[in-house]
Each structure stands twice: as structure tokens, then as C-alpha cells.
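Enquirer: In the working numbering, the protein residues as written are 608 to 946.
If you are wondering where the hints come from, they were derived from the structure by calculation, not from laboratory data.
Remember, predicted model here, so these are calculated numbers, not experimental data.
By construction, the Cβ of each residue, glycine as well, lies at the ideal position given by its N, Cα and C atoms.
The hints are all genuine.
Simulated restraints, written as ranges between beta carbons of each label pair:
#1 Ala-926 <-> Arg-784: 40 to 48 angstroms
#2 Pro-731 <-> Val-753: 17 to 25 angstroms
#3 Arg-614 <-> Ser-837: 21 to 29 angstroms
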Amino acid sequence: MTIEVIRPGLLTSVQDLGRFGMQHFGVPVSGAMDGYALRVANRLAGNEYNAAALEVTLAGPVLEFLDDTLVALTGGDLEAAIDGKPLPMHRPVWVARGRRLSFGRCITGCRAYLAFGGGIDVAPVLGSRSTYVRAALGGLNGRALVAGDRIIVAGNTQAGSARASCSKLRDLPAFSRDGFAAPRWSVQVRTERLLLRPQRIRFVAGRHWEYLKAGVRAAFTSENFQVSASSDRMGYRLEGVRLESGERGEIHSEAVAFGTVQLPPDGNPIVLMADRQTIGGYPRLGEVASVDLPLLAQLKPGDALRFELIDLADAQELAHAQAVALEQIAASIEAGMSE
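Hey, can you work out the whole structure from these sequences and the hints?
Expert: Following this line, the structure appears as C-alpha cells:
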């Protein structure tokens with residue numbers, strides 16, 4: 608199955624869950640900014656969690672389907688439509704050959720994930736199909752999509768089973784009338800927190816948190832910050848109250864993670880994201896709780912956020928609850944496809 612890129616959008620790239628096991632060589636993990644949304648999209652399309660899909664950012668592409676294709680769309684609501692008719696989210700959808708998918712404005716969030724039954728067929732680079740543009744690794748020739756690209760959908764047993772389960776959708780009147788068809792059921796993905804402003808982002812104190820004066824720590828957790836226009840997949844630069852780092856002595860560079868909050872000399876915090884470097888030498892104020900990384904990933908320039916300090920045990924409990932919820936979603940998808 609093949610999909611042609613008519614217009615590429617602002618930043619549309621092939622992503623899976625990331626390039627793990629290479630950071631000691633200086634190779635960033637990359638991968639989906641909102642890994643939770645990617646996992647749900649892949650399961651809806653009948654794929655393993657780590658299958659390659661499209662990450663659509665802010666202004667989406669126009670894609671033409673050259674074959675009947677099973678897709679699933681999750682993440683932010685970017686007004687996806689098939690030939691002008693809204694594309695249902697959070698469920699498998701059969702799209703007919705010759706139809707075009709387009710995107711409009713951001714309703715909630717800023718990143719959507721489009722999975723294809725079988726996953727995107729590009730060659731893995733260092734164990735991942737994720738695109739890392741700065742080093743031209745992975746994806747389609749190591750770059751974001753451009754007009755004229757052709758996306759090839761792979762075939763595998765699991766996705767083939769999902770396509771067979773959903774093939775009856777093509778017998779519905781909507782498929783011939785609208786060019787796509789979806790089941791009545793959808794997974795229950797809670798999206799109300801995407802609308803919260805300022806967004807609450809929970810974090811665990813970092814190695815240098817205690818270096819800050821008490822007043823600075825209080826300001827970090829009580830003041831609102833905004834995502835700067837200079838933010839990208841590597842890191843979110845935050846604007847707001849400037850924080851004094853205090854006397855901390857020399858700090859050696861050390862490993863950083865998705866969600867590490869750094870404090871550079873200008874006093875404006877930086878939150879490291881999917882395309883982050885592997886080490887950093889700025890003071891580490893904290894680590895964003897993994898449960899809130901998807902929320903952070905859906906913030907766009909100008910959006911407000913506020914940090915909330917939690918302890919490590921709470922962060923671990925939240926991560927466990929999220930993992931359980933994801934498995935429950937996967938089970939509900941399997942049940943829906945067997946109906």
C-alpha cells in the first residue's frame with residue numbers, strides 16, 4: 608500500500624518509539640514526542656507499539672491514498688478530514704483509494720499520530736526508523752516529508768489480522784459514499800487535560816534542585832511559564848520569571864533524559880525533549896514525570912504551563928497506572944476488532 612505526499616505540512620516525520628541503546632555513542636533517542644498517542648494509534652491499526660507512523664506537527668500534510676488503507680489517528684485534534692469530511696479519531700478507519708487526507712487548525716494539542724496497518728516501511732537505522740533531522744538519520748532519507756514522497760506501508764501477520772477484522776467496514780455504505788468507514792466504537796482516551804491552561808506538569812527534584820535558594824524554588828513551582836517560539840523537538844525553551852541559579856561551583860556534563868529541566872545562565876529553564884542531546888552541563892532542576900511527558904509534548908509555542916513538585920514514589924505510581932491504562936486500552940481494541 609502506498610500514500611503520496613501532496614503537501615508536507617510544517618513538520619511531518621516518520622517516528623517510532625526511539626533509537627535506544629545508542630546514547631553512549633552520542634546518538635540521541637529521538638522517537639515520538641507523544642509516545643502514548645503513538646502506542647494507541649499503532650494498536651488501533653493492528654501494529655506493535657513500536658511500529659513507524661507519522662508525527663504531524665501544528666500544520667499537517669495533504670496525503671493521497673493510492674490504495675485502500677487501514678489507518679488510525681490519535682494525539683492532538685488537528686481537524687483531520689478526508690476530502691473535507693472529518694476523520695474519526697481513536698478508532699481504526701478504512702480509507703479508500705484516491706481519497707485525500709488533510710489537516711486544519713489545532714483544536715487541542717499540536718501533534719497528531721497517524722498509524723497505518725502494517726507500519727511505515729523504511730529501513731531501520733541503528734535499530735530505529737525514527738527520523739533525527741539534525742544528523743539525517745532514519746525516516747525517509749533522514750528528513751521530514753516533502754511533496755512527492757511516497758510512503759510505503761509494510762505487511763505483517765498481526766496487521767494483516769487487523770485488516771481482516773476491519774475489512775467489513777468496506778462493505779458499509781459510508782465507504783462508497785464518503786470514501787472512508789469506521790466502527791461505532793472508539794477507545795476512551797481522556798483528552799480534557801489537553802485543554803488545561805496553564806498545563807500542570809509534574810516533576811521530580813533533580814540533582815541540583817537544592818542548590819537553588821528557597822525563593823527561587825518557590826517561584827519555579829508557583830509562577831506560570833510559556834513555551835517559547837524557539838522551542839523544537841530537541842527542547843522547550845521557557846519564558847517567564849528568570850531564575851537565579853545561585854552558587855553551585857563547577858558542574859560536569861552528565862547524562863540527560865527526556866524531560867530533564869535545565870537552568871542555563873540566562874535564567875530561562877529548558878525542558879529537554881525527544882531529540883535531546885545525550886549529555887548536558889547546565890544545572891538539572893528536575894525530571895518531568897513520565898506520565899506528563901505526553902501532555903508536555905502537546906504544548907505549542909505560547910502555551911502556558913506550571914510545574915508541580917512530586918516525589919519519586921508518586922511518579923512511579925503514576926507511571927504504573929498509565930501503563931495499566933494502556934494495556935486496558937489495548938484489550939478494548941482487541942475486543943472491538945473481534946466483534
